[in-house]
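Enquirer: Now for the letters of each chain:
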Amino acid sequence: MAVGTMDLTTDVAASARGRTNWLGVAGILALAAAQLFVVVTSPPDRDMGHLQKIMYVHVPAAWNAFLAYFVVAIASLRYLWKGRQTDDLLAASAAEVGALLTGLTLALGMIWGRPTWGVWWTWDPRLTSTAVLFFIFIAYLLLRAFVDDPERRAQWSAVVGLLGALNVPIVYMSVRWWRTLHQIQSSPSTVDPAYAWGLRANAIAVLVMLIFCIRHRYESARLERGADDLVDRAALAAGRGREVTDG
Amino acid sequence: MADNSTYIFAAYAITWLTLIAYLVHLRRTRRDAERRYRDAQRATGGSI
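Quick note, the sequences are listed as chains H and X, same order.
Using the working numbering, read the first sequence as starting at 1 and increasing by one per residue.
Using the working numbering, read the second sequence as starting at 248 and increasing by one per residue.
Quick caveat, the hints were computed from the structure, so don't treat them as lab data.
Certain hints may be false.
To be verified - Here are the in silico distance ranges between beta carbons for each label pair:
#, chain 1, residue 1, chain 2, residue 2, range
1, X, ARG274, H, LEU80, 29 to 37 Å
2, H, LEU36, X, ARG289, 22 to 30 Å
3, X, ALA260, H, ALA196, 21 to 29 Å
4, H, PHE70, X, ILE267, 21 to 29 Å
5, H, THR190, X, ALA290, 51 to 59 Å
6, H, PRO193, X, ASP250, 25 to 33 Å
7, H, VAL119, X, ASP250, 32 to 40 Å
8, X, ARG282, H, THR190, 44 to 52 Å
Unchecked claim - Anything over 10 Å on all C-beta distances counts as not near chain X; from chain H, calculated:
#, residue
9, LEU29
10, ARG153
11, GLY239
We treat Cβ as the ideally placed atom computed from N, Cα and C, and that holds for glycine.
Extracted from the complex, chain H is given alone in its bound form (with noise of 0.2 Å):
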């Protein structure tokens, strides 16, 4: 049995029965009354207008996809010292929320930019530093993929979630290592109040999704590797069951 393989199997039940979909319907609900108060309540901004609104998807969006991947480190290094699967499991599912998190952080980013910059894209640091991001963790998931090995899988993933994670402080203080297009960082004490609590509620209702998607997802990975633990077991059982026979 692989190091570290621990036994999944009768945790699996739990949970599999353990649904999380209460927090799913709160955290849309959340969602969807939080935009409403942006959109009905958020004044214009001075310069940009009523396009400022975009903030309230884009930032909420970025912050957790930061978070996702802090959970991805914690639990690669977890791995790396105890090796067990679980944390393994818990890295991969988080990467997989963070990868989607950055993908719309930098599509929001762009449909933002168009009519702010005049372009789609510009090799702006901030912009540049979060797509690498982006392609590493689509590099992290694709290697799961293609490595059929669990143990090795868990491995090379592990490393590669911490240098992912490593790029996360680049990519928050790019705005003001080289400042160039991009703002600075947009949080509550950088905006004006009259945003903050619209930010505030955004952020809170991702963060119930994201707690939501990563359990979910964790849950998912769980169950498939209980299913691949009984297949293995049963294999290994057959075969000192031919040994004994052939003996």
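Since the structure of chain H is already known, use the hints to place chain X on it.
Expert: Using the frame of chain H, we list chain X on its own:
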């Protein structure tokens, strides 16, 4: 100031389309995983 309502609408629409598409993907993944686990149980005589 230019009318940017198309861009704003596109941003929110893409956000919701992405979210809904991923939720559908999650649901399908869970359904397949549960079926795979049940099949493995049945084939190996394992128990939960």
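Enquirer: Does each hint fit the structure? Answer for all of them.
Expert: Here is what the structure says about each hint:
In this structure the supplied range 29 to 37 Å holds for ARG274(X) paired with LEU80(H), their Cβ-Cβ distance being about 32 Å. Restraint check, LEU36(H) to ARG289(X): a C-beta distance of roughly 47 Å breaks the suggested window 22 to 30 Å. Separated by about 25 Å at the C-beta atoms, ALA260(X) and ALA196(H) satisfy the suggested range of 21 to 29 Å. A beta carbon spacing of about 26 Å between PHE70(H) and ILE267(X) agrees with the range 21 to 29 Å that was offered as a hint.
Here the CB-CB span from THR190(H) to ALA290(X) is close to 57 Å, well matched to the stated 51 to 59 Å. For PRO193(H) and ASP250(X), the hinted distance range of 25 to 33 Å is satisfied, since their beta carbons lie about 27 Å from each other. For VAL119(H) and ASP250(X), the Cβ-Cβ distance of about 19 Å falls outside the hinted range of 32 to 40 Å, so the restraint is violated. Distance hint for ARG282(X) and THR190(H): a CB-CB separation of about 48 Å, consistent with the stated range 44 to 52 Å.
For LEU29(H), the non-interface assignment is confirmed: its Cβ lies about 13 Å from the closest Cβ of chain X, beyond the 10 Å cut-off. Every CB of chain X is more than 10 Å from the CB of ARG153(H) (nearest about 17 Å), matching its label as outside the interface. At the 10 Å boundary, the C-beta of GLY239(H) stays outside the reach of chain X, the nearest C-beta of that chain being 13 Å off.
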